[in-house]
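Enquirer: Respectively, the protein sequence lines represent chains S and G. Read in order, the letters of the first sequence are residues 8 to 387 in the working numbering. Read in order, the letters of the second sequence are residues 17 to 416 in the working numbering.
Hints may contain errors.
[To be verified] Which bits of chain G does chain S cover? Going by a derived footprint, with three or more residues having C-beta under 8 Å, they are: (1) 46-54; (2) 261-269; (3) 369-380.
[Unchecked claim] Some, not all, of what chain S presents toward chain G, calculated at C-beta under 8 Å: (4) GLY46; (5) VAL49; (6) SER129; (7) SER134; (8) ALA138; (9) ARG189; (10) GLN300; (11) LEU337.
No lab work stands behind these hints: they were computed from the structure. Virtual Cβ for every residue (Gly too), placed ideally from N, Cα, C.
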Amino acid sequence: MNLRRLISIIRKEFRQLLRDQESLRLFIVAPVFQLLMFGVAVSTDLRGVSLGVVMEDPSPAARGLVRSILATGAFVLTESSARPDAAAGWLDTGAAQVVVHIPRGFGKALSRGEAPTVQVLSDGSDSNTAALAYQYLSGAALSWANRERAERFGSHPEQAVRFAGAPRVEVEPRFWYNPELRSRNFTVPGVIAIVLLMLALVQTSLVVVKERELGTLEQLSVTPIRGVELLIAKTLPSSAAALLVAGLTVIVAVVGFRVPLRGSAPFLLFSALLFMLSTTGLGLLVSVLSRSQIQAQLTSNFIALPLVLLSGFLFPIANMPAWAQWFTYLMPTRYYIEITRGVFLKGLGFAALWPQAAALAVLGTTLYLAGILLFRKQVV
Amino acid sequence: MKEFFDRLVAVAEAEVRYLTREPRTLLILLTQPLMMLVLYGYCVSFNLRHLPFAVWDQDRSETSRQFIGRLRSSGGGETFTLVGHFNDPRLAEDLLGSGTALFLLIIPPGFEERVSSGQPVRVQALFDGADPNTAGVAFGYLRDAVAAQNARLTLGGFERRASAATAAERGPAIGGVSFPTDSIQLRWRVFFNPSLDSTLFFIPGLIGVLMTFIAASMTATILVREKELGPMESLLTSPVGPAELVLGKMAPYVVVAGAIVLVTVLVAGFTFGIWPRGSALDLVSFSFLFLLGMLAMGMLISASAPSQQLALVAATFATLLPNMFLTGFAYPRSNMPEPLQWATLLMPGTHFITAIRGIFLKGVGWSVLWPQGLWMLLTTLLLLAGAIRRVGQQMQRGLE
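Please model the entire structure based on the sequences and the hints provided.
Expert: Here is the structure:
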């Protein structure tokens, strides 16, 4: 490898990158779009679930129950009726996702000290929302019932005797790392990895195939430039640009989305370098193996899908079947997302995250070397 | 009119020839849906099982061991997994930080004494809240499991005192079991997807995503490709008009996408047991309407983009990503900020997801879904008209 030759190709590649306005614009627009989409739109906090109420019993107790359900902030009252047969239509049309059915005689039963049954009907087509909504609803109903009972005992102390001896184990939860349970704190650190992945993969997957399509690869092969030098020079500018953009997303995450950065930023950037090695390595492989730019793009879209879905970015890895969990160990995204979340939310550093960093280094070196070897085989 | 169709067929034939000449591209195109099916059908799920937890039992009594044992066996032993005991607060940080445990239970000293003397007792639960969704659901499970134990403890307590108390003083009996600790009962019934299986949620929507994918990756590059490689000029001198060009180029992809949808429906049916509850005719008509709209969108992008590369990127950002993340395919729209919710209502994909879930899971058809269908029809016609107009403009400019 000749350093002077390398530097001169690198300078040429940088100049080309800076002159290509369309690609540069893409460099800016893509991450902004991704940050906005995942930071603002994709959220798993439960809000605005449409609630229908069938109220067969217009007692104050029934209204109190509905009020405390609405007070969770997770539900919006969209439908209400006194007739039970209305509920099925709401679920069919989607006018309500959850229906609370308060039966006749609810208030009377309560005041007699009985435990009346309230029926909850939910639209299970969105299984996650249905499960979460039920958790919110049962939590609200439980705390309302406790309050109600306490009030009733206040006015009828003789009833309290019945319950006084009841032992209760109460769970007192505390949520570490993300006490308000904001889903943004979880998704935004992951977006940094996704931005790096998409930029590096898409850009590097084109570098070799572009020269091949334009016929300039043959010209290059008769120059004294060697394969390794060419590939390093070709991947460096886009990697540098992607790193710069990643740095910007970190700033947006902290300033714009108020995600706490508890760990060390230098370690975050150092591991970003290791991660870039894998993503550019993958891009190189795609580029070397593709016959046209379109094919390269299709292929990188194709491999981006498992890289995103099996990374734990949106869906927890622990929920996957065992064989799929094995696959996640091959995904560099998995390790880098563990690092970004560890550094951002848990304040971890090299001491705790070195296995992930090591895995990235191994994966990255292997992929990059494979790309170089294949390229040399093709050109020579 | 006959000439119109002859020319249309000729354009379609040329496109089919192009498609079959690039077997690898076609292969990627056909394997991508299968990969998506596997990923969304098997790997990606919100359903939580085997949540790992660790315990610091400061009481070390028979009752506390029983309490932990019942937690472990709750939900048929599928809900929680005990990963270990610890007795040092410094270890808590490691256990949660490394993700070994999702939550830690701390049982205070005097647990047994308080429970047996009927006093309330607090158990602390420390959660790894980094993934708020998982943490929130896990807390819900834990709360329910503990509530079930409470009911049992109370019953036990009552049974013990039953000899001393008269039967009339016991809690009221409902369905043979009494839960005097709760003054209301919730009975939960889930419609359309009673087992809350996330596959049922993802697979129907995936059909929409796949159609968008074809449109985004294939049709979006058609016209730019001709421009870049030259044959656009020979097209201009032929008698083919913009409408014939647009419809003819789209036709083979209607077939390709139709085949992919058919395969998806069959695979979903045979491997996951998900068959549409509604009528096949509704499924086909809604899918066709949506597909036409997406292909027209692809053509529109193709006619406007300066290069194949940019056409692909624009298509990804204009169709694929929004359809995967903004239409409610994976994430409920109700969680989004209100202005964005209104904006997503303009997208045909939002209405298609509603419609296809309705057809698959609820068994409803046009009689319920006509507003969605109407909006999709309108957007499809607009997109088609837009694509034809844009192509017409380009051809005009090319001729001058």
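Enquirer: All the hints need checking, so say for each whether the structure fits it.
Expert: Evaluated hints:
no.: 1; hint: 46-54; verdict: holds (count 4)
no.: 2; hint: 261-269; verdict: violated (count 0)
no.: 3; hint: 369-380; verdict: holds (count 6)
no.: 4; hint: GLY46; verdict: violated (11 Å)
no.: 5; hint: VAL49; verdict: holds (5 Å)
no.: 6; hint: SER129; verdict: holds (5 Å)
no.: 7; hint: SER134; verdict: holds (4 Å)
no.: 8; hint: ALA138; verdict: holds (6 Å)
no.: 9; hint: ARG189; verdict: holds (6 Å)
no.: 10; hint: GLN300; verdict: holds (6 Å)
no.: 11; hint: LEU337; verdict: violated (13 Å)
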